[in-house]
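Residue numbers (the working numbering), protein chains in the order written: chain A, 1 to 308; chain B, 1 to 197.
Possibly wrong hints are sitting among the right ones.
[Claimed, not checked] PhoX-like mimics (lysine-lysine), calculated; alpha carbons at most 20 Å apart, straight line:
{"hint": "1", "chain 1": "A", "residue 1": "K125", "chain 2": "A", "residue 2": "K40"}
{"hint": "2", "chain 1": "A", "residue 1": "K92", "chain 2": "B", "residue 2": "K113"}
{"hint": "3", "chain 1": "A", "residue 1": "K40", "chain 2": "A", "residue 2": "K148"}
{"hint": "4", "chain 1": "A", "residue 1": "K91", "chain 2": "B", "residue 2": "K172"}
[To be verified] Now the stretches of chain B that chain A is said to cover, found in silico as 3 or more residues with beta-carbon under 8 Å:
{"hint": "5", "segment": "52 to 66"}
{"hint": "6", "segment": "88 to 95"}
{"hint": "7", "segment": "145 to 154"}
{"hint": "8", "segment": "160 to 172"}
[To be verified] Simulated restraints on C-beta separations:
{"hint": "9", "chain 1": "A", "residue 1": "S231", "chain 2": "B", "residue 2": "R58", "range": "19 to 25 Å"}
{"hint": "10", "chain 1": "B", "residue 1": "N168", "chain 2": "A", "residue 2": "A191", "range": "35 to 41 Å"}
{"hint": "11", "chain 1": "B", "residue 1": "R47", "chain 2": "A", "residue 2": "K92", "range": "39 to 45 Å"}
{"hint": "12", "chain 1": "A", "residue 1": "E227", "chain 2": "B", "residue 2": "E191", "range": "31 to 37 Å"}
{"hint": "13", "chain 1": "A", "residue 1": "V285", "chain 2": "B", "residue 2": "R58", "range": "51 to 57 Å"}
Since the hints were made in silico from the structure, they are not lab data. Since the model is a prediction, treat every value here as computed from it, not as a measurement. By construction, the Cβ of each residue, glycine as well, lies at the ideal position given by its N, Cα and C atoms.
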Amino acid sequence: MSSKLTPALGIITVCAAAILSGCMTSVRTALAPATKDAIKSTALTTGLVQPEIGTDIVASNAGAAAGATGGLIGGLVGGIIDSSVNTSRAKKAEAAADPVRNAMAGYDANSKLRDTFRQVFPDAKYLPILSVELAPTSDEAACKRILKSATTDAVMIISVDHRFTPDFSRIKIEATATLYAKKPSLATEPAGALTVLYTNKFVLLGDDVVSGNNDSNIAYWAKDNAEHVKSALSTGFLEIAEMIAFDLPAGPEVNLPKKDTLETTAPSPHFPGQAVAQMELKGTVVHTHSTGHKWIRLANGALCSLKK
Amino acid sequence: MMRRFLAAGFAWALLALLPGCSTSPAELNLCQRANTETKTVTSGDQRQTIVLAPIEDRRPESMRQQLGVVGRRGVLGKDSAAWVEAALIDLNGQNFRVVKSSDAQPLTGWLVKPRILQLYTSSLNVAKMATVVIELELVGPENKTSTHVYNGRIAAANWGSGEGEIENSLRKALQKCLKQMRTDLELVSREGVQTKT
């Protein structure tokens with residue numbers, strides 16, 4: 001690692017931590033009934049953040065935390081150490097996943113996702129969804145391109161991420177669903193800005209089907225041309241689609257935690273990263289899925305599925 | 001003196017941070033040199049001819065223009081299939097030479113059918129990744145076939161999600177594939193096609 005560039009990475013880490021710590025707000029915007037009635041046509045576009053299954057790490061922030069007690073310089077030095085540790089962890093996680101990805105060569109997860117959504121959404125009937133297409137959805141410019149070419153009243157964009165938990169014991173699927181206004185009469189933002197009519201985040205934590213160390217977990221997922229992964233993705237994509245269909249009609253009141261609050265027992269290493277670090281793992285069980293998963297409405301409005 | 005040093009450090013660090021905060025797409029120009037020249041085979045060249053069939057792109061059509069996301073930047077690469085094809089045409093070894101099927105008259109030698117299975121970038125925390133996965137189907141004499149998958153995967157520190165570093169990672173990932181292919185094609189040229197899938 002070039003020594004002259006290392007400080008930049010450290011600062012990026014410190015800044016990222018600072019920005020994320022301020023993001024403890026609701027992630028859900030409910031679709032207003034009057035707006036829903038005004039939408040006569042919707043185009044749905046979905047896509048995976050990356051076409052192959054991703055990995056995750058337990059990010060180190062020990063350096064920055066310890067260093068911050070030594071002031072700005074200490075914080076920067078700590079951040080540099082964290083960056084180096086996190087890069088090393090990411091490289092190891094990526095290399096560890098190679099046997100699974102190699103076993104899945106030729107498997108088209110994106111098309112699987114689109115086909116699953118085509119199966120669920122026209123039947124959901126809450127919104128008049130005319131088409132389900134595949135396109136890159138995970139950056140702002142891509143979303144703007146989708147909106148520009150749309151001819152429907154509204155556009156639903158669902159970006160889906162699928163990755164192993166840091167210990168490779170489970171597969172985690174996360175989705176962000178956002179409904180944008182396309183018809184000018186639905187738009188409330190000034191011309192050129194995006195009007196969000198509905199948005200929410202969804203997290204599905206797959207079953208902990210294996211136990212042991214990372215190597216034995218990876219061997220489990222890789223065997224038989226990664227059939228276990230393919231099966232977990234098939235059921236996972238379906239459940240995520242059903243979670244979104246379930247959440248769409250819910251009003252703004254669901255964002256508030258109920259009295260019979262369930263304190264989930266999900267271990268924190270399974271919920272690293274930006275999207276889930278914002279979620280308090282306290283919520284209300286709102287549905288039990290046919291897989292036995294509990295659907296939990298978190299205090300910030302997000303919907304999380306896991307086996308209790 | 002110390003203050004000046006700190007001020008310079010902060011200024012530099014802010015400059016380094018700016019590209020990392022960018023959300024505008026990174027537009028890559030992978031195929032800088034289109035391989036359109038016709039290869040002529042000299043009569044003294046005793047190397048095995050490997051005929052390269054047109055490349056088949058197995059990625060979903062609507063996903064081919066964007067090669068993933070690094071940081072918050074979408075990565076655009078319109079000519080990625082042509083880039084891989086050009087690299088395969090340049091893949092020559094001690095015992096073999098590669099010619100395009102349109103240049104091979106008559107069509108003799110082994111036939112290679114290349115397929116792009118994956119070609120994308122991604123990021124995890126402060127690391128960026130580039131992936132190129134190519135399948136080669138080799139058709140030898142008497143239509144004996146052999147299929148191999150080549151994985152080129154690179155993980156490195158993400159400095160600022162810049163076009164240059166993303167492009168460089170993709171090139172390294174492709175080189176990793178080509179290195180494995182060259183070894184296999186040398187073997188095939190010497191010993192013939194071994195049926196293996």
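To see whether the hints hold, each was checked on the structure:
no.: 1; hint: A:K125 x A:K40; verdict: 12 Å, holds
no.: 2; hint: A:K92 x B:K113; verdict: 33 Å, violated
no.: 3; hint: A:K40 x A:K148; verdict: 18 Å, holds
no.: 4; hint: A:K91 x B:K172; verdict: 15 Å, holds
no.: 5; hint: 52 to 66; verdict: holds (count 7)
no.: 6; hint: 88 to 95; verdict: violated (count 0)
no.: 7; hint: 145 to 154; verdict: holds (count 3)
no.: 8; hint: 160 to 172; verdict: violated (count 1)
no.: 9; hint: A:S231 x B:R58: 19 to 25 Å; verdict: 22 Å, holds
no.: 10; hint: B:N168 x A:A191: 35 to 41 Å; verdict: 39 Å, holds
no.: 11; hint: B:R47 x A:K92: 39 to 45 Å; verdict: 41 Å, holds
no.: 12; hint: A:E227 x B:E191: 31 to 37 Å; verdict: 34 Å, holds
no.: 13; hint: A:V285 x B:R58: 51 to 57 Å; verdict: 42 Å, violated
Checked against the numbered hints above, the structure breaks hints 2, 6, 8, 13 and satisfies the rest.
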